[in-house]
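**Q** Sequence:
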Amino acid sequence: MKNSILTIPIPKNFSFTKCLKFLNRGYSECLYKVDDSQVTRLIRLSSGLALIQITADSKNMFVSTKKEQINESDEKEVEAYVIDWFDINRDIQPFYQLLDTQKQTTKFSKKYHGLRLMGIVDLFESLCWCVIGQQINLTFAHKIKTRLVYKYGECMKDGEHTYYCFPLPEILLKAQREDLVSMQFSKQKINYIFNISTAFCINVINKKDLLGLNKEQQMEALLAIKGIGPWTANYVSMKSLRDMTCIAYGDTGLSSALHNHFATEKKPDNQTINEIFSSFKDWESYFNFYLWRSLS
DNA sequence: GGCCAGGACTCAA
DNA sequence: TTGAGTCATGGC
Numbered sequence: 000m001k002n003s004i005l006t007i008p009i010p011k012n013f014s015f016t017k018c019l020k021f022l023n024r025g026y027s028e029c030l031y032k033v034d035d036s037q038v039t040r041l042i043r044l045s046s047g048l049a050l051i052q053i054t055a056d057s058k059n060m061f062v063s064t065k066k067e068q069i070n071e072s073d074e075k076e077v078e079a080y081v082i083d084w085f086d087i088n089r090d091i092q093p094f095y096q097l098l099d100t101q102k103q104t105t106k107f108s109k110k111y112h113g114l115r116l117m118g119i120v121d122l123f124e125s126l127c128w129c130v131i132g133q134q135i136n137l138t139f140a141h142k143i144k145t146r147l148v149y150k151y152g153e154c155m156k157d158g159e160h161t162y163y164c165f166p167l168p169e170i171l172l173k174a175q176r177e178d179l180v181s182m183q184f185s186k187q188k189i190n191y192i193f194n195i196s197t198a199f200c201i202n203v204i205n206k207k208d209l210l211g212l213n214k215e216q217q218m219e220a221l222l223a224i225k226g227i228g229p230w231t232a233n234y235v236s237m238k239s240l241r242d243m244t245c246i247a248y249g250d251t252g253l254s255s256a257l258h259n260h261f262a263t264e265k266k267p268d269n270q271t272i273n274e275i276f277s278s279f280k281d282w283e284s285y286f287n288f289y290l291w292r293s294l295s
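Residue numbers (numbering that gives the first Met the number 0): 0 to 295.
It should be emphasised that the hints constitute simulated quantities derived from the structure, not laboratory data. Among these hints, one or two may not hold up.
[To be verified] List of simulated lysine to any residue pairs, SDA-like, C-alpha gap at most 20 angstroms: (1) K65 to D157; (2) K17 to V33; (3) K225 to N194; (4) K20 to D34; (5) K225 to Q187; (6) K20 to S108; (7) K156 to K20; (8) K110 to L22.
Could you build all of it, start to finish, from the sequences and the hints given here?
**A** Now the structure itself:
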């Protein structure tokens, strides 16, 4: 195994600690491991699997990469991955200025200062995660995701710990329905995961092409797949396509956060949600993310 | 035991 | 276009 170390300067309004705290917020996560001051995960580069470990000091993030062979293009991919995952290349100062204009939200800019909208770089993973999480509690959702990842995901052992990648669509497509049922996936979820896997396998959908479309076209392409509804489309648009204007309409967590901070009805209608979000134009995704963060 | 979970679909009216 | 019914099971 070869090893390389990459340095990424920390921008303004960035807190590695708060990002790590978010990653380690209490759900048992099978796709990365957070220790006191570092996070480790297995990622898929175009030339194969690589184990990355990220730490930071006050000025830089340090990404160490372990892989069979490492070349220059691997390092570039690792850097792009980390920048995307932590949303590093975004100036979020304007968002904090908006938060500070309202008494209900000014606390967020202090409490979560430097927290970035942590992404899901892999679009396929992001979509499957949405389907898994639909209408079940998050603890259980993590449980069945872990079963799926352990059975179908590629892995790499490092010391005592084995790290996993989310399964590839072509692998999931070959999965037996009864195996997924035994992991406690509902028939509906299984159908949706097969639909999404198929869409990726026949290249009806891929991240690169979606990124070349405008938001309306992206939503249309996503909603065309059975199992992807408005909530999922907004979620992946926010977490994977990095559109900054997403609102997770219909989300129970968003509803309760708005209820907590704005004294709305327990389940505010879209009009009420739009009114509140209208103060955060072009930062809707961040505002939504911070509202979610306020729940845990 | 009952209600709710980071929804989405079908089908009827 | 809207609303009720269905899925399906763990957590509290």
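**Q** What hints, given by number in increasing order, does this structure fail?
**A** 7
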